[in-house]
Amino acid sequence: GNSVTQMEGPVTLSEEAFLTINCTYTATGYPSLFWYVQYPGEGLQLLLKATKADDKGSNKGFEATYRKETTSFHLEKGSVQVSDSAVYFCALSESLSGGSYIPTFGRGTSLIVHP
Amino acid sequence: NAGVTQTPKFRVLKTGQSMTLLCAQDMNHEYMYWYRQDPGMGLRLIHYSVGEGTTAKGEVPDGYNVSRLKKQNFLLGLESAAPSQTSVYFCASSRLSGGTNGELFFGEGSRLTVL
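Those protein sequence lines, which keep their order, are chains A and B. Residue numbers for the first sequence follow the numbering used here, beginning at 1 and rising by one. Residue numbers for the second sequence follow the numbering used here, beginning at 116 and rising by one.
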């Protein structure tokens, strides 16, 4: 079956540091890949996505590139802010027969950014 | 824009009591999901529905029942609550197809404590 593996956290950084959160996946076909972010006390919200190989998703200074050859979708940001402190989830969604999508999530990586 | 609304937001139960969590979405989405989130475990799928009148088991369905009598509502029931069901529950919805590739829209969560 499908699976998503993320680096364990927490990741602790100082403001303006470079961020990388690793994500690798296993899928039988050609999934779409997502990063969701969960701020304290809130539900998850979509941060960025990529739907095919070599696509780059970007939003709010975050980027991730869909690498089919390494089955990876690592999240990066050049300069983090305190307000980026949150839990980040990597996920995939693969079209099943009949057009259904059942998403698979990683366990989440907590990011803590200090001033 | 209401999106996905969960009620109640907080609830405390005694072991053996029953309760129902309600999820409502106003985006006309075909798919709806119930997840639980526990520390270190990420998001785990309890049940999901691919359309009105249909439900299916996810990764951790035991102890829960669901119903999707109307397209916009997805109910999660606990018939006899146990302390192991203490968790934060998230409802999500998604479109069947049409370019979103399985992107999920989440509610704000319902925190349940079973004593």
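Hint data in this document are derived by calculation from the structure and do not stem from the laboratory. One thing to keep in mind: the hints can contain errors.
Chain A residues, not near chain B, derived (Cβ > 12 Å throughout) [what the hints assert, rightly or not]:
(1) 8
(2) 63
(3) 84
(4) 92
(5) 107
(6) 111
Residues from chain B that face chain A, not an exhaustive set, calculated with beta carbons under 8 Å [stated by the list, open to error]:
(7) 176
(8) 177
(9) 224
Computed from a predicted model, the values in this text were never measured in an experiment. We put the CB at the ideal spot given by N, CA and C, even for glycine.
Inset, instruction - List, from low to high, the hint numbers that the structure doesn't satisfy. - result: 1, 4, 5, 7, 8
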